[in-house]
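2 protein chains.
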Amino acid sequence: MLKAIQILGSSSSGFVSQIWRKGHSPLAFSSSAGARTRISTTPFSPRGTRCFRANRVYATGSKSESNPDAVSSSQVAVQSAGNVRKIKFCQWCGGPTKYDIPDGEEKMRAICTVCGKIAYQNPKMVVGCLIEHDKKVLLCKRNIEPSFGLWTLPAGYMEIGESAAEGATRETWEEAGAEVEVLSPFAQLDIPLIGQQTYIIFLAKLKRPHFAPGPESSECQLFSLDDIPFDSLAFSSIFVTLNLYIDDIRTGKLNFHYGTIKKRPGSSASDMCAFSLDHHLLS
Amino acid sequence: MLKAIQILGSSSSGFVSQIWRKGHSPLAFSSSAGARTRISTTPFSPRGTRCFRANRVYATGSKSESNPDAVSSSQVAVQSAGNVRKIKFCQWCGGPTKYDIPDGEEKMRAICTVCGKIAYQNPKMVVGCLIEHDKKVLLCKRNIEPSFGLWTLPAGYMEIGESAAEGATRETWEEAGAEVEVLSPFAQLDIPLIGQQTYIIFLAKLKRPHFAPGPESSECQLFSLDDIPFDSLAFSSIFVTLNLYIDDIRTGKLNFHYGTIKKRPGSSASDMCAFSLDHHLLS
Numbered sequence: 072m073l074k075a076i077q078i079l080g081s082s083s084s085g086f087v088s089q090i091w092r093k094g095h096s097p098l099a100f101s102s103s104a105g106a107r108t109r110i111s112t113t114p115f116s117p118r119g120t121r122c123f124r125a126n127r128v129y130a131t132g133s134k135s136e137s138n139p140d141a142v143s144s145s146q147v148a149v150q151s152a153g154n155v156r157k158i159k160f161c162q163w164c165g166g167p168t169k170y171d172i173p174d175g176e177e178k179m180r181a182i183c184t185v186c187g188k189i190a191y192q193n194p195k196m197v198v199g200c201l202i203e204h205d206k207k208v209l210l211c212k213r214n215i216e217p218s219f220g221l222w223t224l225p226a227g228y229m230e231i232g233e234s235a236a237e238g239a240t241r242e243t244w245e246e247a248g249a250e251v252e253v254l255s256p257f258a259q260l261d262i263p264l265i266g267q268q269t270y271i272i273f274l275a276k277l278k279r280p281h282f283a284p285g286p287e288s289s290e291c292q293l294f295s296l297d298d299i300p301f302d303s304l305a306f307s308s309i310f311v312t313l314n315l316y317i318d319d320i321r322t323g324k325l326n327f328h329y330g331t332i333k334k335r336p337g338s339s340a341s342d343m344c345a346f347s348l349d350h351h352l353l354s
Numbered sequence: 072m073l074k075a076i077q078i079l080g081s082s083s084s085g086f087v088s089q090i091w092r093k094g095h096s097p098l099a100f101s102s103s104a105g106a107r108t109r110i111s112t113t114p115f116s117p118r119g120t121r122c123f124r125a126n127r128v129y130a131t132g133s134k135s136e137s138n139p140d141a142v143s144s145s146q147v148a149v150q151s152a153g154n155v156r157k158i159k160f161c162q163w164c165g166g167p168t169k170y171d172i173p174d175g176e177e178k179m180r181a182i183c184t185v186c187g188k189i190a191y192q193n194p195k196m197v198v199g200c201l202i203e204h205d206k207k208v209l210l211c212k213r214n215i216e217p218s219f220g221l222w223t224l225p226a227g228y229m230e231i232g233e234s235a236a237e238g239a240t241r242e243t244w245e246e247a248g249a250e251v252e253v254l255s256p257f258a259q260l261d262i263p264l265i266g267q268q269t270y271i272i273f274l275a276k277l278k279r280p281h282f283a284p285g286p287e288s289s290e291c292q293l294f295s296l297d298d299i300p301f302d303s304l305a306f307s308s309i310f311v312t313l314n315l316y317i318d319d320i321r322t323g324k325l326n327f328h329y330g331t332i333k334k335r336p337g338s339s340a341s342d343m344c345a346f347s348l349d350h351h352l353l354s
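For the record, the sequence lines run as chains D and Z. My numbering applies: residue 72 is where the first sequence begins, and numbers increase by one. My numbering applies: residue 72 is where the second sequence begins, and numbers increase by one.
Don't take each hint at face value.
If chains are identical, the list can't say which one is meant, so a pair holds when it fits in one copy or spans any two.
As the list claims (entries may be wrong) - Here are the simulated SDA-like pairs of lysine to any residue, each with C-alpha atoms no more than 25 Å apart in a straight line:
#1 169 <-> 228
#2 195 <-> 292
#3 212 <-> 174
#4 159 <-> 189
#5 207 <-> 170
#6 212 <-> 283
#7 188 <-> 175
#8 157 <-> 204
#9 178 <-> 215
#10 195 <-> 179
None of these hints come from the bench; they were simulated from the model.
Please put together the full structure from these sequences, using the hints given.
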C-alpha cells in the first residue's frame, strides 16, 4: 500500500490523459517522478463516452512517494459548494437565522437569532450494491427523475439508524426486489461540488436468483460486462463504479477504490462528458 | 475476495467470541459452515479493555458463502435511532412541521405544514487520518468535550464542498498542526444507533516531521504500536481503528476495513465495554 502511483493524470500537469472507452485499456499511464508504477496491460471495453478523464493515484502500500495530485493539507480551504440551499429558519425554535462564523470555527454557518443554535449542513451518503450473478451485474432502469429511463445500480440515501451495508441492502430490495448478501466494500466516490454526496458501493450477491423492479424502477436486468449500457447510464458515479469493476475483473484483483468525482458546475447528473475522477486511491 | 469468513463471531450464534486485549491474538476464530477460513497466528498486544466483542466477516473474494451474520435484505427495516432530535419547524419557510409518511415513502419524516417540504435527516461522516511516521502513529489528546483529556486520531465532520480525503487532511491540520498526504483509504466504521455517524479513516504520512496541538487538542504525540494508550482512548471508533491497524501491520497486509460499531444505548462515547464490531468486511 505504500507506493503512490500517478496514472491517467491530467494533461495539464504533464501526465498522460486517459479516456475510458470501447476497446482501450484504462491503464495506460506515466508515473510521477520517483513513484513506483503499477501497470495493467489487460484491455477492457466499456462502451461509450470518450470524454471522461481520470486523474488517478494508485496507493498500493502503506507509504507513498510524493505526488503532485495527492490530497495535501495545503488544500485545507473548503471549496464553495454550488447548490447548497441557505437555511432561513431554525428547525428547533422557528426563529430566523443569520449567517456568521461561530466562535471557535472558521466557516460560515446558519445561526438562530433567537435560540443561538447552529444549523450544520453536511454531505450525505448514497449507499448501493454492485450485484454479481453468473458473471453479470444487475442494473435498474430509472422510473423517476433525475435521469428517468437511464440505467443505474440500486442505491439511495443512507438513513438514520442503519449502517451503510444495511442501507445498500434495503435500497436493493426497494429498487430491484432482490434479496442480497453484502460481500465486501468496493468503492467510495465523493462528489463534493455538485450534489454534496458520497457514494458508498458494496459488492453483493443474490441470495436467490429473483429480482423485479420496484416503484422507482421500470426494469431490472442482468448485463454481461461487455453489454453494460455505458451510453445510457444515469450517473457519473455509476459510470465510474462499473468501469473500476470491469477493470478489476479483467486484471483479476478486486480492490477497494476511493476517488473524487469533480463535476463541471451546471452539468447534468448523466452527462458523462462533464466530470473527472481525481485522487483515485486503492486499498 | 470471494470467500466470506466468519471470525470472532458472537457466542450466541455459535461462533467463537473474541476480546481484543493485551497479549492475545485478535484472530482466534472458528469458521462458519462451508466458509473458507483465513487465519493469522501473529499475536498483537494492544492494552486494556477486556470487554470489546467483535463479530467479524472477512470477505476476501468477489463471492462469499452464506453467512448468518452477513447483512441481508431481511434486515430492511431501519432500526430506531436513539438520539435523533425531532425537527419542529421548516428551515425554508419557518412553518411548523408534522411527522408523517410522505407519499411513495415508507419512513416517518418531518413535513412542513405550510410549504409541504420534507426535512430529511441523514447520518453524517466523520473523516480523519491515521498518520504513520517512523513506525509510530500520531494521536491528539482532546482539549474539548466529549472525551476531554482522552486520546484520538485527528478527525471531524466532513463539510459541504470538500471530499472525504480533503476533510481528513483539513481536520489533521486543524487538530494536530500537521501537513499530511493521504495514502490510502483504511476503514469505514458505521455507528448507526448512537451518534448517527460514519467514520471514514485514511492512512496518511507527514509531509514534514512537524506537528503541534490546535485549539481542540492539548497535546499531540507519536506512539509506537506497543505504547498506544488503549486505556485512554476517546472513542470506540478510534479503539477499533487502531486495533485493526495493528492487526494489519502484524500480519503484513494493510486492508480496507468496513464494519458496524453497535453501541449499547446510553453508554458514553469512551466506554470501551459497551460496543461490538459487527459485519466486519475486508477488501
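Hint-by-hint comparison with the structure:
{"no.": "1", "hint": "169 <-> 228", "result": "between (29 Å within a copy, 22 Å between copies)"}
{"no.": "2", "hint": "195 <-> 292", "result": "neither (28 Å within a copy, 33 Å between copies)"}
{"no.": "3", "hint": "212 <-> 174", "result": "between (48 Å within a copy, 21 Å between copies)"}
{"no.": "4", "hint": "159 <-> 189", "result": "both (12 Å within a copy, 15 Å between copies)"}
{"no.": "5", "hint": "207 <-> 170", "result": "neither (50 Å within a copy, 42 Å between copies)"}
{"no.": "6", "hint": "212 <-> 283", "result": "within (11 Å within a copy, 52 Å between copies)"}
{"no.": "7", "hint": "188 <-> 175", "result": "within (14 Å within a copy, 32 Å between copies)"}
{"no.": "8", "hint": "157 <-> 204", "result": "neither (44 Å within a copy, 42 Å between copies)"}
{"no.": "9", "hint": "178 <-> 215", "result": "between (36 Å within a copy, 19 Å between copies)"}
{"no.": "10", "hint": "195 <-> 179", "result": "both (19 Å within a copy, 18 Å between copies)"}
In this structure, the hints that do not hold are numbers 2, 5, 8, in rising order.
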